[in-house]
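Use the sequences and the hints to build the structure in full.
Protein chains in written order, with my numbering: chain A, -5 to 224; chain B, 2 to 455.
Treat the hints with care, as some may be off.
As the list claims (entries may be wrong) - Some residues of chain B that are not near chain A, with every Cβ distance over 12 Å (derived):
#1 Ile25
#2 Ala142
#3 Ala179
#4 Met368
What the hints assert, rightly or not - Within a straight-line C-alpha distance of at most 25 Å, the following computed SDA-like cross-link-like pairs (lysine to any residue) qualify:
#5 B:Lys201 x B:Arg185
#6 B:Lys5 x A:Gly187
#7 B:Lys5 x A:Glu188
#8 B:Lys5 x A:Gly166
#9 B:Lys435 x B:Ala447
#10 B:Lys189 x B:Thr173
#11 B:Lys166 x B:Gly352
#12 B:Lys201 x B:Ile132
#13 B:Lys5 x A:Leu165
#14 B:Lys5 x B:Gly100
#15 B:Lys5 x A:Asp163
#16 B:Lys5 x B:Val110
#17 B:Lys435 x B:Ala405
#18 B:Lys182 x B:Met168
#19 B:Lys5 x A:Ile140
#20 B:Lys435 x B:Arg169
#21 B:Lys117 x B:Gln232
#22 B:Lys5 x A:Ala189
#23 B:Lys201 x B:Asn290
#24 B:Lys201 x B:Glu283
#25 B:Lys166 x B:Ile132
Treat the hints as calculated values from the structure; they're not laboratory data. The C-beta atom is built at its ideal place from N, Cα and C for all residues, glycine as well.
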Amino acid sequence: MPENRNGATSPAPRGAAKALSAEAVSGQGPDVRAERDHLAISRLADDLLPALIAKLTAGGLGEIEVREGSWKARLRRPAGSDEGRGVAAWSSLDSHSGHGHALGRGPAASHGRGTAEERARRAREEEEAEELARLPIVATSPAVGIYQPRKDLAVGIRVRAGDRIGTVDVLGVREDVIAPADGVIGSSLAEAGEAVEYGQELIRIELSENARGLDANGADREAAAVLGEA
Amino acid sequence: MFSKVLIANRGEIALRILRACRTIGIGAVVAYSEADRDSLAAQLADEAICIGPSDARRSYLSAPAVISAAVVTGCDAIHPGYGFLSEDEGFADVVRAHGLTFIGPSAEVLEHFASKEATRRLLEAHGLRTIPGSGMLRDEAHALEEAERISYPVLIKPSGGGGGKGMRLVRTARELEATFKVSRSEAKAAFGDDALYMEKYLGDNRHVEIQVAVDRFGHAIHLGERDCSVQRRHQKIIEETPSPALTEAERQDLCQRAVRAVVEAGYENLGTLEFLVDSRGEAYFIEINCRIQVEHPITEMCTGIDLIALQIKIAAGEPLGINQADVVSRGHAIEFRILAEDPSNDFRPQGGQVLGYLAPGGPGVRMDSHLYPGYEVPPYYDSLLGKLSVWAPDRAQAIARGDAALRELLVDGLTTNIELHRAILANQVFIDGKVTTDLLDRVGSAPFVAAGNR
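Right under this line is the structure:
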């Protein structure tokens, strides 16, 4: 398992998110929804945010996004900033939220309340994690500008979460395109020199069976990289 | 003329600018934040580009993001709308440095009029009466001294503020002592500038503003006035033109003096001069807004002039093409700001999904709104859902059309102030044209809400 989605953290339950938003749309008044949103925000702020900041500071990640209920939280380390000075954004999920939000699907904070319900939720989350691990991860554009992939980038190269895999030129200032997870460079979704918008999908990062197998067996990551390049 | 304009705003004004661009036959690109991906402007635009996350500081308020979007999409001008970067001289300067045109006054003009206090002195020198007030307040002792000289009650105002934010009414020296430091730190937090000044508070006053347009060649016209006296905590709710507070002679005099003063003071582009009119009909200049205003549609309805098209034309360096005699204001128009807030719950802003939406119609009815059924109102920005404007040959008919249109307007799924508008229209003080800016705050909204629920 890549380190940004290991046992210490687990993704928010997507199934629960669906159920919750469906419920919110059907029949509930705005007051109920507003109250729920307020509760969600305060809980996310109290529990989740500190955990996410810690995660962002500790790992080499450029950005983390977590969804919970009908809300998502995104933390991004500003380009070239010191450690830990992340910027958080909250948003309510919308019907198109799949677009451009594929970053850092994995980590969510686990809240330390050991109720049965909590244990059941964790079990669900672990299942979700398994499912998510099989999906391709996509590196997205940090800004609106002109995209250039890293010169030596090619399909099959192994990258680690937090690696710079390209840049987006914003009026002469380069902002880094960061690999959101450990994996292998997959297909390109944008051309070098192309104008890209914020959040645009640029490069697939694949978690190939091969790479994961090696990781599981404790094989050397360098060896995996060599295999990937071959 | 420009070939393509980047619209660096959201909501109803992004849509309004898109419509103006289409009308005059120029391309437009809608710049939107991640939270506005489903916005109507982004959907209707031929081209739209995501410039950043929902946090406005990294999207609509980010000069690099906005300018980069204009550059990569091949735009030659940026329309900032209102709010956000619309009166930011630094932004206007950087836009120009990238070979693009800022649709609004030049950076120099914005800078010239950036300080409210300096602008008051400037326009006073050009013949506009201003409210007795202080210079920048050095400290609490200075504030107390100035308040004595001007006489209580006084308003403490942040120099860098706008839209009534951060203003405080102070009635006694003791109140001033209690609030001075707080006002200063609030100003610092809200506007990044803790400079404060003080003004005499006029009791029963009306808010009247004059719309002007000045081209690069110094040709200038006024487009009449708007009365924005129906306010809640200094936020405008209903606007109308002409103002019931002025006689025809007073109106002509004020409009002419306003336009003469701004031209002499070096203003350029579209602008609005705001005045407070006291119970004797005396108008005091308070500030100039160097941008298109939310309430511009009522002026358009009475004059038939597309103000945003005119603004784009001026920014492109073209002459106005009309003179004062061509501006004929007909009839009476009223605008209602439809807000997602709950009048019976201290006007708390409401987010959520629009389950149903139906805009009213009929003669003289105009709806500027970005709503559609299924639209999710994002919680990050202001609560303006749209503006309903009505026109009729006279004020009584405009009120009747306003009420009929408000009854038709349907916004299902959100709590709005539609019923509050109807209650205000039915109120005798409004019918008599005697609303003062403090009325809603003084009597509270409860009687209006209660009347509306009958």
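Which of the numbered hints are not met once you compare them with the structure shown?
-> The structure conflicts with no hint, since it agrees with every one listed earlier.
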